[in-house]
Amino acid sequence: MYFYVIIPICLRSRKQKHGGLWLHLKQCFMKVIKEKHSLAMRWTHWVNFPVLAVMIWSGLFIYWANDSYGITIFGTTIFQFFPEWFYKYFHLKQRLAEGMAFHFFFMWLFFINGLLYVIYTIVSGSWRELVPKRNSFREAWQVLLHDLHIRKAVPPQKKYNAAQRIAYTAIIIMGFGSVFTGLAIYKPVQFYWICWLCGGYHVARILHFALTIGYVLFFMIHVVQVILAGWNNFRSVVSGFEVTDCQVKDLVKPKENEEPVS
Amino acid sequence: MKNLFHKRIAKPLTVEQQIKRRTFISFGTFFALSAGAFAGWKWLYNSPKEVAGVTGNVRAPLRRALNKSELFFRNFFSNSHLVRTYPKSRAAIDVRVNSMIGIDDENFKSDKWFLNIKSTDGSLLKVSIDEIRSLPKTEIVFDFKCVEGWDQIQHWTGLKLIDFLDHYHLEDCVKKKYIGLETPNGKYYVGLEMESAVHPQTILAYEMNGKPLSIKHGAPLRLIIPVKYGIKNLKRIGTMSFSDTRPRDYWAERGYDYYSGL
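Sequence lines, in order, name chains A and B.
For what it's worth, the working numbering labels the leading residue of the first sequence as 1199, then goes sequentially.
For what it's worth, the working numbering labels the leading residue of the second sequence as -5, then goes sequentially.
Calculated from the structure, these hints are not laboratory results.
Mixed in with the good hints, there may be bad ones.
[Unchecked claim] Listed next, the in silico PhoX-like pairs over lysine-lysine satisfying Cα-Cα at most 25 Å (straight line):
1. 5(B) / 1229(A)
2. 62(B) / 171(B)
3. 171(B) / 1385(A)
[Stated by the list, open to error] A few chain B positions that, by computed beta-carbon distances, are all more than 12 Å from chain A:
4. 31
5. 55
6. 78
7. 117
8. 168
9. 200
10. 251
Please read these numbers as outputs of a predicted model, since none were measured by experiment.
Just so it is clear, CB atoms sit at the ideal spot from N, CA and C, and this is done for glycine as well.
With the rest of the complex left out, here is chain A (with noise of 0.2 Å):
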């Protein structure tokens, strides 16, 4: 699965004084190239982000034209998507054609990119890395615990963590959501099995909305925890590499007639 890059340091003196001892190595400083993430998964996570942003902020325009979402009870509204400042502050009003333009432009970028990342993860095999495993639910809370600096132990990971497993997968699965709640309400009539499926035309509607304010949701926590992690996590997702330190394991024993004698 991983291409192990290992080119020891100061293996040779370290050799040279502990003879076969190699579980000294470990205190030996070596620093190994591991790859991470694909060139294709790179590609496509870049291209969402800004591709997202465009549908989010053309979505809005189109929400404003008639900006019925809020939380009533009993008679009150106690909370109503977006404020007026809001609107103001980003200009949004009195655009919905503009939106409808840009919106129906960016859905096939989305759609095409989204689709070529789901069939390399298919394809090249990596959706078991990525994929929710049966006890990813319950080391999930583990990797809460841990993030919240409850609890000490490290849970075990791979290439992602229980909780990134679950995250991601999540996500994956929003983005279809958000198209086919988005035909549904492109094209109601001739899809309108697909409106069926969703429950009808407010719900597809409402589904649609609650979809986008989960990336908005997704996106703030995706950042700290991004930030929290670190340098050599974010390059990773640039340059495909992580750099670890060496494990013993990880090693090429040495062959027989090679063994120093001491």
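The hints should help you fit chain B onto chain A, whose structure is shown.
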């Protein structure tokens, strides 16, 4: 020779060098592509508006995208895809009036009204409301959808447009690609491609909720075309014409999608 041979063997890079090199190359590429994407966005955002004509007021590349999307989604259009209908009890009593454009002249006389049909052979056909009322009546209760985002279940009665065209032997007209409708004062106008116009649920309506149309709902005769957004449902039809090119369209001139199909 010896020197040349010596040069060919590149010194293997240390891990540190590899990390630096790959980070530099990948981030360089990343920033170059980001700059390219940003320049592309600036180009699109500042691209000139299309040449005003039948359509207008949209950035030229986005209008091309709207028209291409229309061609793609028209492949899914079918006369057998019917708009969902509802029992009459679900129909709204207080039917929303969103616009009076084209029907706000005060000296309009309903009793002197005729529907003027400009036939493809150059002849002008005038049809009175009584003649239209004498033709087979059809009713529809469906969810009227506005491009702004609201919708309302409404009950309309009239004559199927296809039945009307058949009755007056306008077969040659139906062979044209588009049908154009205008209010008597010519201030509101729509263009429809023929397949949507002859959809079995497209009607020339003269009653709403079982009563003759009021002025604000488009008396004496209006278009109800459930496979389109409300903007195409022209009130108070004055003239009907046929052509192979897009007839002028009020909202398409103002930046909306010409097709606006559901």
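Do the hints match the structure? See the list:
This hinted pair checks out: residue 5(B) and residue 1229(A) have alpha carbons roughly 19 Å apart, not beyond 25 Å. Straight-line distance between C-alpha atoms of residue 62(B) and residue 171(B) comes to about 17 Å, which keeps the hinted pair within the 25 Å bound. Restraint check for residue 171(B) and residue 1385(A): satisfied, since their Cα atoms lie roughly 21 Å apart, inside the 25 Å limit. Interface exclusion of residue 31(B) from chain A breaks down, the closest Cβ pair being 6 Å apart, not more than 12 Å.
Separation of residue 55(B) from chain A is inadequate, the least Cβ-Cβ distance of about 8 Å not exceeding the 12 Å criterion. A beta-carbon of chain A comes within 12 Å of the beta-carbon of residue 78(B); the shortest separation is about 7 Å. Listed as outside the interface, residue 117(B) is consistent with that label: its C-beta sits roughly 34 Å from the nearest C-beta of chain A, beyond the 12 Å cut-off. Every CB of chain A is more than 12 Å from the CB of residue 168(B) (nearest about 21 Å), matching its label as outside the interface.
For residue 200(B), the shortest C-beta to C-beta distance to chain A comes to about 24 Å, beyond the 12 Å cut-off, and the non-interface label holds. With 12 Å as the threshold on Cβ separation, the claim that residue 251(B) sits away from chain A is violated: the shortest Cβ distance comes to roughly 7 Å.
In the structure shown, a violation is registered for the earlier hints numbered 4, 5, 6 and 10, in ascending order.
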